[in-house]
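One-letter residues, chain by chain:
4 protein chains.
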Amino acid sequence: MKRPIIIDTDPGIDDVAAITAALFSDKLDVKLITTVGGNVGIDNTTKNALDLLTFLEKDIPVAKGCGEPLINKIKTASQVHGDSGVGNYQFEKEPNTSLLLKGNAIVELRKAIMSAEEPVTLVPIGPLTNIALLFKTFPETKENIKEIVLMGGAAEGGNATPVAEFNIYADPHAAKIVFDTSINIVMCGLDVTRLTGVAADDVEKVKTQGKIGEMIAHMIQFYERAYSKYSIAIHDLCTILYLTRPELFKTKRANVNVVTEGEASGCTVTHFTEEGNVHVCIDADVEAFRKAFTSIFAGI
Amino acid sequence: MKRPIIIDTDPGIDDVAAITAALFSDKLDVKLITTVGGNVGIDNTTKNALDLLTFLEKDIPVAKGCGEPLINKIKTASQVHGDSGVGNYQFEKEPNTSLLLKGNAIVELRKAIMSAEEPVTLVPIGPLTNIALLFKTFPETKENIKEIVLMGGAAEGGNATPVAEFNIYADPHAAKIVFDTSINIVMCGLDVTRLTGVAADDVEKVKTQGKIGEMIAHMIQFYERAYSKYSIAIHDLCTILYLTRPELFKTKRANVNVVTEGEASGCTVTHFTEEGNVHVCIDADVEAFRKAFTSIFAGI
Amino acid sequence: MKRPIIIDTDPGIDDVAAITAALFSDKLDVKLITTVGGNVGIDNTTKNALDLLTFLEKDIPVAKGCGEPLINKIKTASQVHGDSGVGNYQFEKEPNTSLLLKGNAIVELRKAIMSAEEPVTLVPIGPLTNIALLFKTFPETKENIKEIVLMGGAAEGGNATPVAEFNIYADPHAAKIVFDTSINIVMCGLDVTRLTGVAADDVEKVKTQGKIGEMIAHMIQFYERAYSKYSIAIHDLCTILYLTRPELFKTKRANVNVVTEGEASGCTVTHFTEEGNVHVCIDADVEAFRKAFTSIFAGI
Amino acid sequence: MKRPIIIDTDPGIDDVAAITAALFSDKLDVKLITTVGGNVGIDNTTKNALDLLTFLEKDIPVAKGCGEPLINKIKTASQVHGDSGVGNYQFEKEPNTSLLLKGNAIVELRKAIMSAEEPVTLVPIGPLTNIALLFKTFPETKENIKEIVLMGGAAEGGNATPVAEFNIYADPHAAKIVFDTSINIVMCGLDVTRLTGVAADDVEKVKTQGKIGEMIAHMIQFYERAYSKYSIAIHDLCTILYLTRPELFKTKRANVNVVTEGEASGCTVTHFTEEGNVHVCIDADVEAFRKAFTSIFAGI
Ligand SMILES: [Ca+2]
Ligand SMILES: [Ca+2]
Ligand SMILES: [Ca+2]
Ligand SMILES: [Ca+2]
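Chains as they are written, first to last, in our numbering: chain A, 1 to 300; chain V, 1 to 300; chain B, 1 to 300; chain E, 1 to 300.
If a hint is listed, it holds; no wrong ones were tucked in.
It does not matter which identical chain is meant; a pair holds if it fits inside one copy or across any two.
Keeping only pairs whose Cα atoms sit at most 20 Å apart, straight-line, the calculated DMTMM-like set for lysine to aspartate or glutamate is:
(1) Lys-2 <-> Glu-117
(2) Lys-73 <-> Asp-180
(3) Lys-252 <-> Glu-156
(4) Lys-291 <-> Asp-202
(5) Lys-211 <-> Glu-94
If you're looking for bench data, these hints aren't it; they were derived computationally from the structure.
Using the sequences provided together with the hints, build the complete structure.
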């Protein structure tokens, strides 16, 4: 049986890779996609989600979420993802807006989680604003969540600042709320997403794999500018590969305290301990990951 | 026509005085009462709200809200309000639990605000957790709010700490979210609630004014212990008197920045400026206030 | 016998009033004047100290201290004190630079304190940079200090920000170091310096009292612009009046925690307790203070 | 000609290795050793410095410095270095206390620096309290410092906390003062000190190298408990090897902002930039380093 998941996302180029991989996985059942402001503004991330589903001809419901962090002002990453959020890629068809639900992301997350037959896995791959509001506004939902597998944070280092990863930096208060719950969290942070960077050659290979491969590669080639050509991190994709190929990853338990103010705002202070609720991905089989990357979009 | 208001409250002895005054005012129409953890835990504040309405024979819907601040751990003030929150007062009847709505405070606030024919006035007299979550989860509600008249903060001084008032100290992140909106806020803070303290003699007078006066005075006499007998602050009552007798108060516009961390957490840094969205109550007609206090519960 | 004191100062108009009052008091023996950056830069505050002593024909040694706070960047108050620090007053004679000691303020403070026959009273009326460095670099000096009588801080309110007084705001880390010692500190903060504001009429009276009165009044009339004409705070003067006329003041013991970062930086969080090392001036005989002000510069 | 250096130190086991290496280097001329509280209290670190010099029969002047950080309370690392600071090693002779100067570390640092014929290199291998006080109390000394080569901080990671290295964590305010100067700083942080960890076998080899090797190895074997036997970091030794064998290290320029409060206190936020005043050691020739370690104490 497929594992039911909900993706909370700010597409974003690596979000597109992750969502696509999830939608075509035979192990995952994407119940809902919720959007959040992050890489670009909420109107763009929502449009990108709808555009992608229309392109992929997948009828997954989408709910629009928060455009602003809980307390901080929004800071986007359009220098990496382009003004639209998907580089200079142009989706040809008009987006199928009938996929857009009436309720906002928090209301629809609640509905989807509370009505699910089995506990749901949340896959947040943007700032954690929607998820934090969900847990505070509808705390009963926490009972029906199996696990959170998220992209965000780092045991060491950062990309938005020297000590903070972008998704956490963008809304550190929301991150603090999520990490402070007792829910099981798998943290695919920079520790593993940088390690599993793919090569420019891998992207070329994907580009030849049909119109989906071409779309993914086209976007990544835009985003490559921010990386070395020997290691292009497709951050968000790690969450989906963790779900479908957990054997590729090594995790270690920790408690994670999020810094919400000052020079280190967004830093995920990671105290490794057997009692921690966070399973930090600290290592991965890089070769197997790259092989997965170059085959995942091939047959679809 | 009566002014439609919603009271968000953590009863709490002064909350009881405020709610009672509001319910019997011919100028106010209480549409909804929402509860929040604060003076005591959420289960007690909710029971106290229902007990009070049952005692007063008023059929106002109640919705239960958040028991925990957004990010901080809960700290109650049961040393002031007693373990139950209403001192050692015992309500005799069983609470009329049919008044309790199914939706939580945030959902019911949204319904009440969005369905109101005219913009509603919010009257938060506890920590601002529910209101902050409302604005972040359902930002559309901000459009149908006329004004927020709240008890909390201080331009100078504090009671939870030397520089922080209890309601703001209890959930400074929520307070920051609320003060950072552009909604008109009337801040009845310690500046005015301490100034308008009543005397022990005033309370004795109220005690003779029927069973409602007796109930109010009984509770206040418990709570007097925390004050000088010449000036017992009935903090939350100031909001209702501001709404019914605005001529008793003098306000000054300001922007208010809430400190969320460190030694001064909960401090409301008040920058007076004509452009501010906050109308800080800085002075009051104390004699008229005391006269109002000793007459408000008399005829009811 | 006269009480030996050392004044650490950033003249500054009210510093001039305080230093002059101290030099002509028959109760005080000014052993040393040390300068610090504050109201204006260190070169100006040092020149002003020398100019004043030359004008008053007093041979008191002066040592030049720190121009920069411990950690923060310097912020002056030249909008209040004028670019030179003494309004638009012009001292006519060249300053007697022979009064300037070779050692810096910290070295000379140490010498003066360690060589004093009886414990010395420190009177800091500027940012506490020099004093903090003294205590950390030469901790043995703390043993020969009788008391610190300082101008700075506030139990409630602020002037540099709504919650911070200028001297503390200017170097909060230094203030924290000083307040965290176990030395007896008398804090003449805004609580009492605002209360004891003099009237414009009082200043006119002083202006007729010889060349010294004329000098003091001339400066204060420049500085009046920042105040109401009914209450012009001569902040630093309070320390000298506290030393010469302690009966005019009421104090209350407290521990004072200084906020060093964020929105409330420079706030002196004042926890009143009988065990506190800080004696906060909370009240004063205002009429007697004004009378003192109008007579102190008369006979000299 | 030998390069004049001053070592500021909190011995500490790795301090002993570093000081010893410096004293026997034909490239370095150790002018002064100043002590500071850190690994253990100031009385122990000073005794350890004297004990070591007595043992090594080296007549280097020692000045005792600060026992307490600028603002924080002291936190030692005696769990790593033992209660005495040198593990369970016992120096046999009484320490030669005639080496101890009368002035404190700050005063003696000033003297040594100002009287030096050529600009001096400072080598701080403990918390930066003395150095920060030197720069604030005697800012003129900054002009005669060639370079600071320090052990402390990390571009990524920590040991006192997940994001803070011990020397910086112990006195973050002092570290901020030092890093905020414009002096050239070589930062031998955890990035390189962990990389250059030696093996237990290397330590065994040193143990056979005369009484000095035996002493060094004896101590390190105590301290090994805190490390893997394949990589025992002799942190402070990196500074001396940087000075004597700079070709073994690779550096990259950065500005370093030190976090002084909150969860990430002591974190050295490292912004790599060509304009930075800090030369962060980011890589080293590990084999050459280990070879140096096993030969440095051999001939002496
Ligand atoms: Ca993303
Ligand atoms: Ca209340
Ligand atoms: Ca002054
Ligand atoms: Ca050391």
